[in-house]
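Note that the protein sequences, when read in sequence, are chains A and B. Residue numbers for the first sequence follow our numbering, beginning at 714 and rising by one. Residue numbers for the second sequence follow our numbering, beginning at 714 and rising by one.
Treat the hints with caution; some may be incorrect.
Repeated chains share a single entry, so a pair holds when one copy, or any two copies, can fit it.
Unchecked claim - Under the rule of at most 25 Å between Cα atoms (straight-line distance), these lysine-lysine pairs were calculated in the DSS-like manner:
1. K838 / K716
2. K716 / K742
3. K716 / K817
4. K817 / K861
Derived by calculation from the structure, the hints in this document are not laboratory data.
Here's the letter readout for the chains.
Number of protein chains: 2
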Amino acid sequence: MTKQAIQDLYPDQFSHCYGCGRLNDAGLKVRSFREGEECVCSFAPRPEHTAIPGFVYGGLIASVIDCHSTGTAAAAVYRREGREPGSDPPLRFVTGSLHVDYLKPTPLGPPLELRSRATEIGSRKVVVETDLYVNGVLCARGSVVAVKIPESMFG
Amino acid sequence: MTKQAIQDLYPDQFSHCYGCGRLNDAGLKVRSFREGEECVCSFAPRPEHTAIPGFVYGGLIASVIDCHSTGTAAAAVYRREGREPGSDPPLRFVTGSLHVDYLKPTPLGPPLELRSRATEIGSRKVVVETDLYVNGVLCARGSVVAVKIPESMFG
């Protein structure tokens, strides 16, 4: 049995995202998994995802942080509400703001390993902080304000 | 004669970036042009660059802001130094931090129109602020701290 990612539970109409949509075959297919109160993600950059040769493109790092953070926000709110992820009504977050600090040049080759947690959970907004490691070295930090899509938008 | 973009002037070894490298055929090929003290960029998202259907993926917006901002930083420093862009020693910036506020859902279809300016120019760091419009509507704002690659890294 394949392990289920948070993104596998998104309703179909919200599963076309270039970053994490399971229905977007041209996309990055970022997948996030719950691990206690945190969420983790492992992402393998492609050879073309270069910045300066040998290092990962910052826009890709921002993209993976973005989608992993909105997934983490959904997981955190399901947990706060004592609900199984994917149970009705579905939770889907979009990004209100994104901040990335590039702490070190990120080597291109090994997977990016992300670890995120929700640090503030409001009724509509969730703040998610992320550490991004390569080979165990902290290379970037992200902070995302994720905003809940209103239930009225679900078909 | 094709108009020359700031990115056309980057040394070859720094022209492989997924976001703006003219030598990265799988990449986005972001191109930035000087317009007085500002720099402008027009970028056409591809159909797969979707977030929720009908809207542009936030990670793509972050990527375009990223590369347009480092280009704007280079242009601003050439200008400050009274030099022609591309003259020796070459200037190339990377991203130290990236912040994006997503003000409105950005419709997918028309080009993204970016307008950037350097608001602080230090000896190593340049702060670049960007407004991103679609159909004349301000959809996102970016703020990037761009960091100069030391001359010693140029071959």
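Results for each hint:
| no. | hint | in the structure |
| --- | --- | --- |
| 1 | K838 / K716 | neither (28 Å within a copy, 44 Å between copies) |
| 2 | K716 / K742 | within (15 Å within a copy, 36 Å between copies) |
| 3 | K716 / K817 | neither (32 Å within a copy, 34 Å between copies) |
| 4 | K817 / K861 | between (32 Å within a copy, 14 Å between copies) |
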